[in-house]
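Each chain, letter by letter, is given below.
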Amino acid sequence: MAYAGKLRTNATTAAVERALTGQTRPVGEWIFQGLLFVALVIALGFLVWLLSDVLVRSMPVWQERGVQNFISTNLSSDPAKAGIAQGLFGSIFLMLIVISLTIPVGVSAAIYLEEYAADNRLTRLLNTAVRNLAAVPAVVYGLLGLSVFVAAMQDINNGRNLLAGGLTLSLVVLPIVIITAAEALRSVPRAIREAGFGVGATKWEVVRSHVLPYAAPGIFTGIILTIARAFGETAPLLLVGAAAAGFGQAASATVVDKVLGPYTSLPTTIYSWARLPQAEFRALTAAAIVVLLAVVLFINAVAIILRNRYERRW
Amino acid sequence: MNEGGDPVTLQSPAVPEATTHPAPAIRVTTPAAAAGLPAEGRPVFELKSFSAYYGTFRAIKDMDLAIQPNRITALIGPSGSGKSTVLRWLNRMNDLVPGANMSGEVLYHGVNLFDKRVDPVEVRRRIGMVFQKPNPFPKSIYDNVAFGPRVAGYKGKMDELVEASLRRAAIWDEVKDKLKQPGTALSGGQQQRLCIARAIAVQPDVILMDEPCSALDPVATLKIEELMFELKQNYTIVIVTHNMQQAARASDETMFMTMGEDRAGYVVEIGPTSEIFTNPKQQLTEDYVSGRFG
Chain Z
1 MAYAGKLRTN ATTAAVERAL TGQTRPVGEW IFQGLLFVAL VIALGFLVWL
51 LSDVLVRSMP VWQERGVQNF ISTNLSSDPA KAGIAQGLFG SIFLMLIVIS
101 LTIPVGVSAA IYLEEYAADN RLTRLLNTAV RNLAAVPAVV YGLLGLSVFV
151 AAMQDINNGR NLLAGGLTLS LVVLPIVIIT AAEALRSVPR AIREAGFGVG
201 ATKWEVVRSH VLPYAAPGIF TGIILTIARA FGETAPLLLV GAAAAGFGQA
251 ASATVVDKVL GPYTSLPTTI YSWARLPQAE FRALTAAAIV VLLAVVLFIN
301 AVAIILRNRY ERRW
Chain C
1 MNEGGDPVTL QSPAVPEATT HPAPAIRVTT PAAAAGLPAE GRPVFELKSF
51 SAYYGTFRAI KDMDLAIQPN RITALIGPSG SGKSTVLRWL NRMNDLVPGA
101 NMSGEVLYHG VNLFDKRVDP VEVRRRIGMV FQKPNPFPKS IYDNVAFGPR
151 VAGYKGKMDE LVEASLRRAA IWDEVKDKLK QPGTALSGGQ QQRLCIARAI
201 AVQPDVILMD EPCSALDPVA TLKIEELMFE LKQNYTIVIV THNMQQAARA
251 SDETMFMTMG EDRAGYVVEI GPTSEIFTNP KQQLTEDYVS GRFG
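Listed in order, the protein sequences are those of chains Z and C.
Position 226 of the first sequence, counting from 1, maps to 226 under the working numbering, and the rest follow consecutively.
Position 1 of the second sequence, counting from 1, maps to 1 under the working numbering, and the rest follow consecutively.
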């Protein structure tokens with residue numbers, strides 16, 4: 001108050017100019033800004049270090065073998081011949097299973113929670129449960145998959161097949177899909193729902209014709225990001241039997257054989273190679289990591305582009 | 001303003017002493033007189049000791065009210081007096097609000113709207129609603145209007161119905177060349193008239209308007225008011241408004257609500273608009289309409 005009073009009483013041009021220009025930015029502000037920047041550098045710096053290290057280590061593979069050769073050859077104990085074809089196939093197939101299971105189940109569950117469930121204790125409990133499930137470490141789902149899916153499919157390669165792996169991964173990501181889909185549904189304003197109800201539409205008609213289409217970009221962005229996360233999951237797959245090493249499959253194997261037989265995924269391939277003693281496998285591991293990161297970053301980029309293009313502001 | 005004193009003559013339509021018609025003659029899309037309904041007979045809405053609650057909070061207490069057909073009834077009163085709440089119970093829109101509850105009776109053409117057998121979806125088709133903030137679907141202008149008839153299973157020529165609805169809402173000339181463009185790209189006033197066209201398209205009997213002009217400029221507001229005058233030939237209109245000039249110039253009947261010590265809204269006075277504004281019976285009403293409170 002005294003300060004304002006002083007300004008008012010000395011409101012001559014000279015006094016105002018002195019007041020406006022005389023201040024220097026306090027040193028504390030510069031220090032604070034600097035600290036914030038350092039925090040950012042620490043976070044990003046290590047990431048850049050990691051990425052460049054992996055890239056450099058993988059160079060021999062790209063130079064001697066080429067990308068094409070590396071991603072199209074099968075696993076082998078001979079480092080000169082080992083590739084990630086089966087890992088890529090396994091991972092892509094796992095993602096297909098995850099997508100085809102989690103989209104219908106996850107989105108339906110989200111629609112129920114957001115649009116149909118009465119706002120009562122039970123619903124709040126269910127919402128909390130879903131959030132907690134999303135926070136459960138993936139390895140726990142691996143144990144669940146082992147005791148449920150693997151046990152149920154004992155007749156098919158002792159239960160160690162792509163289907164069991166896909167089901168287990170689906171469990172891992174399902175709560176996250178439900179949460180992101182529910183958030184997308186919630187972002188559709190109540191006014192739109194009321195507009196639909198106001199002309200005599202039923203709940204299902206409002207959801208199908210309005211809420212779901214308007215929430216779709218958000219739902220798909222969420223699902224794509226979830227897929228990117230699932231693509232790199234390793235622990236649950238190790239538990240439900242994605243073969244670590246010594247994995248072989250005849251080139252003549254049909255898709256059915258591959259789905260029902262032993263399998264591996266890209267992250268499990270990386271895991272098993274990283275444990276091998278031969279120095280040559282270091283470069284192979286780094287190269288596989290580069291491929292994994294490239295796929296994940298590509299998926300994320302697709303999600304960001306989709307979101308920017310179709311996201312609706314209310 | 002120009003029509004402020006006029007509604008008195010408008011509200012006494014020359015209706016022959018019509019024969020009694022079965023009460024739930026619901027699909028009235030022609031003037032009541034032409035349909036053979038007694039204009040001064042059964043009201044469209046009758047509220048009997050109606051109370052509304054949000055959770056344990058009582059928003060409206062013991063309200064009795066009758067709303068006559070082919071009139072514009074304005075609900076006025078200070079914020080929080082329950083005007084919008086009443087409106088949103090008239091077409092059971094408040095069914096969808098968690099915690100909202102009511103007691104008492106709401107009769108629509110003599111039928112209790114809260115009877116277990118009553119389907120709220122059908123109620124909302126017959127009793128349309130226009131909201132405070134224009135809320136067109138983010139779809140084409142055409143689809144905005146056609147959605148209601150489509151879900152109602154309309155079998156006729158959709159193009160004609162869409163055109164007729166847009167014409168009635170006095171927006172056809174402005175949008176006829178861009179029916180495929182999104183309704184959200186229109187101006188606020190146009191959006192609100194599009195929303196009115198959307199409400200009309202399902203051929204309702206009543207149109208409820210919840211402060212339809214509060215987000216609009218005076219020119220757009222005037223257009224909506226002119227439109228209301230056109231529409232009351234065919235529809236019963238109930239409008240909530242904060243704008244007393246609007247109530248004075250655009251309505252036939254006015255209901256003044258306020259709230260008591262317990263914040264529960266109640267009706268102070270209801271009557272012909274000209275009387276409420278020039279010769280109110282209650283001191284509270286006079287204080288409110290003359291701007292001394294609220």
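Calculated from the structure, these hints are not laboratory results.
Each hint should be verified, as a subset may be incorrect.
Derived pair list, reagent style EDC-like, types lysine to aspartate or glutamate, alpha-carbon separation capped at 20 Å [unchecked claim]:
#1 C/K139 / Z/E205
#2 Z/K203 / C/D95
#3 C/K48 / C/D64
#4 Z/K203 / C/D64
#5 C/K155 / Z/E205
#6 C/K139 / Z/E194
#7 C/K223 / C/E160
#8 C/K133 / C/D115
Looking back at the numbered hints, which does the structure fail to meet, lowest number first?
4, 7, 8
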